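For chain U, the structure is supplied; the task is to place chain A on it using the hints.
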Amino acid sequence: QQQVKQSPQSLIVQKGGISIINCAYENTAFDYFPWYQQFPGKGPALLIAIRPDVSEKKEGRFTISFNKSAKQFSLHIMDSQPGDSATYFCAASIVRYNFNKFYFGSGTKLNVKP
Amino acid sequence: GAVVSQHPSWVICKSGTSVKIECRSLDFQATTMFWYRQFPKQSLMLMATSNEGSKATYEQGVEKDKFLINHASLTLSTLTVTSAHPEDSSFYICSAREGRNYGYTFGSGTRLTVV
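Chains as they are written, first to last, in the numbering used here: chain U, 1 to 114; chain A, 115 to 229.
Rather than coming from a laboratory, the hints here were simulated on the basis of the structure. Please read all numbers here as calculations on a predicted model, not as lab measurements. Treat the hints loosely; a few may be bogus.
Example chain U residues on the side facing chain A (calculated, C-beta under 10 Å, incomplete) [unchecked claim]:
1) Lys15
2) Gly41
3) Gly60
4) Phe62
5) Ser85
6) Phe89
7) Arg96
8) Asn111
All residues carry an ideal CB built from backbone N, CA and C; glycine is no exception.
The shape of chain U in the complex, shown without the other chains (with noise of 0.2 Å):
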């Protein structure tokens, strides 16, 4: 059972644009939701983070929205760049022992058009 469901699985924008990715979960015990981009050939890196007690964070040209009683969130990208063109995972966490064990969704391949 896939505990986090991302969408859509692929994107395309236009310079400029605003890209948005969804993801929903399942478990409520989940306490930590990040999204990670990824290139082609390298590992995840860390975009932006965000916690329930949150609604809204915002970094930059990233917003992270969060809606804990639909249990969703969701990652817009404003005026996206080509440079932004890669696949973003959004993921979920949930404390066991002393560290995170994340789930992560399935990924969005983002490309924006010049």
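Coordinates of chain A only, in the frame set by chain U:
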């Protein structure tokens, strides 16, 4: 920031041989490291949790005798794929955390191809 180095970045090996992948935390000590596997165009799946000085904890369905994990020091964890087969071909990624916070850093991954 924290840096996790993974080596090699890619490797090709023959069926039946074993391959070792190293994961190092360059500027911090990591008592716990994590090994993930990623198939093409798919998400990351946690394989095992590597604990310094003790046995690794494997996720359900992961063969511990096939994927040997050794975490001999606070800065190095190794994953050995034993008797590799073509179905083991995948992208393997390690991760580590600096301190008791949520800052998990991923390595750059190792592309394993078994021919």
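Restraint: U/Lys15 near chain A, CB-CB cut 10 Å. Satisfied or not? violated (24 Å)
Residue hint U/Phe62, partner chain A, criterion CB-CB below 10 Å: violated (17 Å)
Cut-off 10 Å, beta-carbon criterion: hint that U/Phe89 touches chain A: U/Phe89 check passes; min Cβ-Cβ to chain A is 6 Å, inside 10 Å.
Tell me if U/Arg96 is really an interface residue toward chain A, meaning its C-beta lies closer than 10 Å to one of theirs. holds (9 Å)
Chain A contact restraint on U/Gly41 - CB to CB distance below 10 Å: Since the shortest Cβ distance to chain A is 7 Å, the answer is holds.
Closest C-beta approach of U/Ser85 to chain A relative to 10 Å, hint status: violated (15 Å)
Once the shortest beta carbon distance from U/Gly60 to chain A is found, is it less than 10 Å? violated (16 Å)
Using Cβ atoms only, decide whether U/Asn111 comes closer than 10 Å to chain A, and label the hint accordingly. U/Asn111 check fails; min Cβ-Cβ to chain A is 14 Å, beyond 10 Å.
Checked against the numbered hints given earlier, this structure breaks hints 1, 3, 4, 5 and 8; the rest are met.
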